[in-house]
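Asks: Each chain is listed here by its residues.
Protein chains: 2
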Amino acid sequence: MPLSEFALIDRYFRAVGVRADVRNGVGDDGAVLVPPPGEDLVAVVDTLVEGVHFPPASDPASIGHRALAVNLSDVAAMGATPAWALLALTLPRANESWLAAFARGFGDLARAHDVQLVGGDTTSGPLSITVQVLGFVPRGEALLRTGGRAGDSVFVTGTPGDAACGLSLLQGRESGRGSPPAMLEALRRRFLFPQPRSGIGVQLRGIASACIDVSDGLAGDLAKLAQAGGCGAEIDVALLPLSDALRACAGEDAAEQYALTGGEDYELCFTVPPARLGALRGWPCTAIGHLVEAPGVRLRRGHNVIEFSHSGFDHFGG
Amino acid sequence: MPLSEFALIDRYFRAVGVRADVRNGVGDDGAVLVPPPGEDLVAVVDTLVEGVHFPPASDPASIGHRALAVNLSDVAAMGATPAWALLALTLPRANESWLAAFARGFGDLARAHDVQLVGGDTTSGPLSITVQVLGFVPRGEALLRTGGRAGDSVFVTGTPGDAACGLSLLQGRESGRGSPPAMLEALRRRFLFPQPRSGIGVQLRGIASACIDVSDGLAGDLAKLAQAGGCGAEIDVALLPLSDALRACAGEDAAEQYALTGGEDYELCFTVPPARLGALRGWPCTAIGHLVEAPGVRLRRGHNVIEFSHSGFDHFGG
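These protein sequences, in sequence, are chains A and B.
Under this note's numbering, the residues of the first sequence are numbered 1 to 318, in order.
Under this note's numbering, the residues of the second sequence are numbered 1 to 318, in order.
Just chain A, same shape as in the assembly (with noise of 0.2 Å):
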């Protein structure tokens, strides 16, 4: 869309978010941003496609928001603020409404964060979003994936599996009978408006020896995490902390794999090593488990343990 590109790059983008250390945003070959003395930069880039990562024909202010958030979770889970998005944009054609919800979505969780979009790329081509978001913390303070060791906390933020099972009731693939409607709908939510873990995260710094934030599923990815530290993990499937939601839609045995394996949380997954527990009191997190020498993923359900293997999650429960 060579002509209008830049009319609706204009109209819809030019004003989301403002802030004073953007000393040129969109409309020049790049912008011009001023960092704050004395802070380490974090950079931060994730995807969406159409028919991947949402189903196709969903709300463009649903695909807008998430776009965004997915990134604004990468920033907090490595414990920085977020301060500025790019936004490089394919889509198969220049549809005014389509990108007029897109932007709200976009924009809404943009100013709510603090976040100045101060540049983009729009091309036609199947639909397709990657947004790269940029952030400061404190030198040196970044909370990585490396830093968990043996014997170390692992805690999860909210309550994850509501957005798979959200994902699942968009899908029709959970029919959500028997179950009062606005559950329905906050399950649903979870899904198409996550919320960025943004101000925990930064609390996290200096608390959490390790942090990862759950996009792929809780069990993955904290065995990612666990693995980076050089160890394994162990998590006690009875302290999943379920929502009344998700257990009402989907029964206790799907609620616990949702919230194992589903993905789509956004929330986060840190761990603590003992002398630190007493910070997290009256904090939006509950301990799951802890981590282990041995390497991989285990689930302990009272006394049994199993082994946690991607391939393998329908081996749970047994």
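No lab work stands behind these hints, which were simulated from the structure alone.
All residues carry an ideal CB built from backbone N, CA and C; glycine is no exception.
Mixed in with the good hints there might be a few duds.
[To be verified] Taking lysine to any residue and the SDA-like style, the derived pairs with C-alpha atoms no more than 20 Å apart in a straight line are:
no.	chain 1	residue 1	chain 2	residue 2
1	A	Lys224	A	Leu280
2	A	Lys224	A	Gly296
3	A	Lys224	B	Ser179
4	B	Lys224	A	Arg11
5	B	Lys224	A	Pro295
6	A	Lys224	B	Gly27
7	B	Lys224	A	Asn24
8	B	Lys224	A	Glu307
9	A	Lys224	B	Pro295
10	B	Lys224	A	Arg14
11	B	Lys224	B	Val237
12	B	Lys224	B	Arg104
13	A	Lys224	A	Gln257
14	A	Lys224	A	Arg149
15	A	Lys224	A	Ile306
16	B	Lys224	A	Ile306
[As the list claims (entries may be wrong)] Far from chain A by the CB rule (all over 10 Å, computed), these chain B residues:
no.	residue
17	Leu41
18	Ala88
19	Gly296
Using the hints provided, position chain B relative to the given structure of chain A.
Replies: Chain B in isolation, oriented as in the chain A frame:
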């Protein structure tokens, strides 16, 4: 490609570039970077989509090279020095030999410009590549599009039109019959492996009043630069630096059209106030006209002056 993604990224992209200012590169939720004190940060993003920005089944080494080159060209147009890149790669399936060639094309160019790949995302979907590059420029010295004024001379680097003619050769729209094979190969390489003007971009700081990179065609990109400065531009067609290869392959008239509207050059078009013209002596750039008060771009050929419009380069030559 959830299971193989990490192995693939590890194998092909982890070692692209090495810089001391990267605290944490590929492999966590985000990269942690140390911006140089006292400099502005420049951020650019560009997407290439198969069938839109390059022909289907193109050489993957060329795709990898171009995905980075178009961004390095944007950084050069800002007068900035590139430092770090993030790569979002969407591809239909994980083909190892394709990935190896892509990474070689990307990596060779990255290393040549001292750029480190610090993050990325790999997803399944129609082939598309979005790259972001971050770079630096001394505080307040970025070259913007907005600084041009009537009376400034207009320059372009290199020999525009070659890349567009090279693409026509690749697509069979030009036969190249009668031209020396080495010339045709040179034109094709100008499309497949464009060399961003990083060095000259940095040197233009304090000299150029405005700068843009030529991606959509010289006349159209100059129109954007002139409009951003609140003025117009006049190009003297006789001054266009046409390469011998382009002339031999396309003939004089078509060569001018390629140079004015072909695109894909990734040369720099910039303006210089009269008082600073002396600074350019010996540089690989050519004066092709002036900025003028009246808006729009006009092409002068002897006594004929033709108004340029995006939709009407067939009016040209009249």
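Asks: With the threshold set at 20 Å, check whether the alpha-carbon distance from Lys224 of chain A to Pro295 of chain B stays at or below it.
Replies: The hint is violated at about 57 Å.
Asks: Straight-line Cα separation of Lys224 of chain B and Ile306 of chain A no greater than 20 Å?
Replies: With a Cα-Cα distance of about 62 Å, the restraint between Lys224 of chain B and Ile306 of chain A is violated, given a limit of 20 Å.
Asks: Are all C-beta atoms of chain A more than 10 Å from that of Leu41 of chain B?
Replies: violated (4 Å)
Asks: Decide if the proposed pair is consistent with the structure: Lys224 of chain B and Arg14 of chain A, CA atoms, cutoff 20 Å inclusive.
Replies: Since the Cα atoms of Lys224 of chain B and Arg14 of chain A sit roughly 17 Å apart, the hinted pair holds (cutoff 20 Å).
Asks: Take a quick look at whether Lys224 of chain A and Gln257 of chain A sit within 20 Å of each other, Cα to Cα.
Replies: Measuring from Cα to Cα gives roughly 18 Å; hence the hint holds.
Asks: Do the alpha carbons of Lys224 of chain A and Arg149 of chain A lie within 20 Å of each other, as the hint requires?
Replies: holds (13 Å)
Asks: Sort out whether Val237 of chain B lies within 20 Å of Lys224 of chain B, counting only the CA atoms.
Replies: holds (19 Å)
Asks: Hint check: Lys224 of chain A vs Gly27 of chain B, CA-CA at most 20 Å. Holds or violated?
Replies: This hinted pair holds, its Cα atoms lying about 10 Å apart.
Asks: Minimum C-beta separation from Ala88 of chain B to chain A exceeding 10 Å: can you confirm that?
Replies: violated (4 Å)
Asks: Take a quick look at whether Lys224 of chain A and Leu280 of chain A sit within 20 Å of each other, Cα to Cα.
Replies: violated (23 Å)
Asks: So if I understand the rule, the pair passes when the alpha-carbon distance is 20 Å or less; does Lys224 of chain B with Glu307 of chain A pass?
Replies: Cα-Cα ~60 Å, so violated.
Asks: When you check the alpha-carbon spacing of Lys224 of chain A and Ile306 of chain A, does it fall within 20 Å?
Replies: Holds, at about 18 Å.
When the structure is compared with the earlier hints, violations turn up for hints 1, 3, 5, 8, 9, 12, 16, 17 and 18 and for no others.
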